[in-house]
Amino acid sequence: MPHATRNSNKAADTAKRYAVNLDWQKDSKIKTCKCSVCGDRVGRLKQSFTSSRCRRSSRHCTGLISTTIPDERWQPLLGVSLPLWGELLGDENFCKSSGFNEKNFVMAMDESEDGKPPVSWIRSDARFSCSPNEQVMGQIDPSKLAAWLYAHCTHFEVKFLFSTQPVGVEQDKAGGITGLRVTSSMTAKSRFELIECSRLVLAAGPFTPSLLATLSPHRQLALENNPRLYQWVQIKGAGLPKFDKAAVIMQLPEGARFQGPAQVAARQGMIEISRLYSAIPDYILDHDDATRERVGNSTPLRFIAAETLSLPGIHLADRRHTSQGVSIVSTGNESSPVIGKVPGWLVGSTGKASRASTGDESRGVWLAYGFGAFGTTIAPGVARLLAQLVLGEEPEIDPFDFAVTELEVLDGIGLEHQEKKLSKGKGKARR
1 MPHATRNSNK
11 AADTAKRYAV
21 NLDWQKDSKI
31 KTCKCSVCGD
41 RVGRLKQSFT
51 SSRCRRSSRH
61 CTGLISTTIP
71 DERWQPLLGV
81 SLPLWGELLG
91 DENFCKSSGF
101 NEKNFVMAMD
111 ESEDGKPPVS
121 WIRSDARFSC
131 SPNEQVMGQI
141 DPSKLAAWLY
151 AHCTHFEVKF
161 LFSTQPVGVE
171 QDKAGGITGL
181 RVTSSMTAKS
191 RFELIECSRL
201 VLAAGPFTPS
211 LLATLSPHRQ
221 LALENNPRLY
231 QWVQIKGAGL
241 PKFDKAAVIM
251 QLPEGARFQG
261 PAQVAARQGM
271 IEISRLYSAI
281 PDYILDHDDA
291 TRERVGNSTP
301 LRFIAAETLS
311 LPGIHLADRR
321 HTSQGVSIVS
331 TGNESSPVIG
341 KVPGWLVGST
351 GKASRASTGD
361 ESRGVWLAYG
371 FGAFGTTIAP
381 GVARLLAQLV
391 LGEEPEIDPF
401 DFAVTELEVL
411 DGIGLEHQEK
421 KLSKGKGKAR
431 R
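For the sequence shown, this note's numbering gives the first residue as 1, with consecutive numbering after it.
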């Protein structure tokens with residue numbers, strides 16, 4: 001998500017600051033939007049913000065808001081995020097608009113269990129005990145949250161311009177960023193438009209390093225990116241009553257046919273079940289990976305659903321009742337998020353940009369990625385930290401652990417952008 005902000009030091013401008021977060025998902029290209037209040041343009045990675053597109057972009061997300069994250073390095077972001085979630089969830093209108101539900105359970109095999117499950121879609125003969133999940137604040141519906149965010153952006157007069165793709169950044173003689181070059185899918189690729197900006201935020205999830213490489217091909221960073229695949233299956237037409245909306249973490253026993261844990265999220269008219277599929281081997285994700293339709297292997301999830309869920313009239317082998325896919329998440333430096341500014345001398349279009357200060361340390365290219373399976377949980381904290389950094393304010397938490405850090409030079413001969421295109425199970429690396 002490229003995001004451009006205007007250059008201003010006036011305190012009176014505080015009320016007119018806007019930031020938009022976005023994803024790079026399948027069937028998507030870079031989009032741009034323009035804020036009619038301040039005139040800044042924002043590049044955006046999403047095909048559309050109609051409700052159907054929101055469902056497409058976020059359908060793999062369970063929307064859980066966790067109250068704990070095992071890794072100690074994530075605690076500052078968690079500490080900022082949870083109070084912000086508390087404020088949002090204290091608003092009844094937000095809860096309704098985002099589809100918030102506080103019913104969350106942990107299921108574990110218990111042969112002595114013979115009680116009635118807390119929701120109707122769990123089989124009573126599955127011998128699973130259910131207890132409240134104390135490590136989860138609740139669950140939001142990601143598609144509804146995306147629609148809510150879009151409505152608020154338009155309310156604050158942010159306009160979205162679609163069908164554009166970034167090709168590079170423009171810099172002045174001092175190395176400061178002055179704009180983003182984009183092309184339109186409606187015109188010849190040789191023609192480009194310059195969107196003026198002094199600050200550019202790239203937040204394209206696991207595809208952020210590849211997006212940065214696209215914008216600055218002459219000075220490429222070897223950024224740590226640890227992508228992981230999650231397999232999901234959506235079961236449609238479940239006809240769930242309103243009180244049965246809930247989320248479950250399913251702990252499977254050691255002797256189970258397939259190992260867990262699996263996550264089950266029940267929302268209006270649909271149940272989604274997902275689990276960790278695998279880590280991606282050593283290659284860097286590129287645009288083809290972002291737009292490629294991954295199907296994966298849903299057999300384990302279908303077996304888990306058949307053995308634990310009560311779904312009258314639903315045939316799990318019938319593609320009219322189910323859909324499946326694979327989503328990608330990643331973490332950054334040492335399995336931590338990456339939130340920080342790219343050194344200006346590393347994003348020069350010629351590779352010769354000055355290392356000298358541009359006079360405003362908040363100007364330049366910023367990255368925000370690597371949130372793994374906790375993106376929903378820490379989103380408010382990430383947004384606050386990023387806004388403070390980009391606007392040149394004193395950050396609420398120490399951003400040192402999340403700074404952009406370059407890996408060692410590849411093969412001792414300079415940095416190379418490694419691409420691997422997947423086709424019918426075969427990987428092809430280009431160096």
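Check the hints yourself; a few may be wrong.
[Claimed, not checked] Derived DSSO-like pairs (lysine-lysine); straight-line CA-CA distance at most 27 Å:
| # | residue 1 | residue 2 |
| --- | --- | --- |
| 1 | Lys245 | Lys103 |
| 2 | Lys116 | Lys245 |
| 3 | Lys341 | Lys173 |
| 4 | Lys96 | Lys236 |
| 5 | Lys116 | Lys103 |
| 6 | Lys341 | Lys245 |
| 7 | Lys236 | Lys341 |
| 8 | Lys245 | Lys96 |
[Claimed, not checked] Label-pair restraints from in silico Cβ distances:
| # | residue 1 | residue 2 | range |
| --- | --- | --- | --- |
| 9 | Asn297 | Asp125 | 39 to 47 Å |
| 10 | Thr154 | His321 | 31 to 39 Å |
| 11 | Asp172 | Ala387 | 40 to 48 Å |
| 12 | Thr68 | Ala403 | 46 to 54 Å |
| 13 | Gly313 | Pro395 | 50 to 58 Å |
| 14 | Ser310 | Arg191 | 24 to 32 Å |
Think of the hints as simulated: they come from the structure by calculation, not from any bench.
Remember, it's a predicted structure, so these values are computed and weren't measured experimentally.
Beta carbons are placed, not taken as given, at the ideal position from N, Cα and C, and that holds for glycine.
Taking the hints in turn, this is what the structure says about them:
no. : hint                          : verdict
1   : Lys245 <-> Lys103             : holds, 7 Å
2   : Lys116 <-> Lys245             : holds, 16 Å
3   : Lys341 <-> Lys173             : holds, 19 Å
4   : Lys96 <-> Lys236              : holds, 22 Å
5   : Lys116 <-> Lys103             : holds, 16 Å
6   : Lys341 <-> Lys245             : violated, 41 Å
7   : Lys236 <-> Lys341             : violated, 42 Å
8   : Lys245 <-> Lys96              : holds, 13 Å
9   : Asn297 <-> Asp125: 39 to 47 Å : violated, 27 Å
10  : Thr154 <-> His321: 31 to 39 Å : holds, 35 Å
11  : Asp172 <-> Ala387: 40 to 48 Å : violated, 24 Å
12  : Thr68 <-> Ala403: 46 to 54 Å  : violated, 24 Å
13  : Gly313 <-> Pro395: 50 to 58 Å : holds, 53 Å
14  : Ser310 <-> Arg191: 24 to 32 Å : violated, 57 Å
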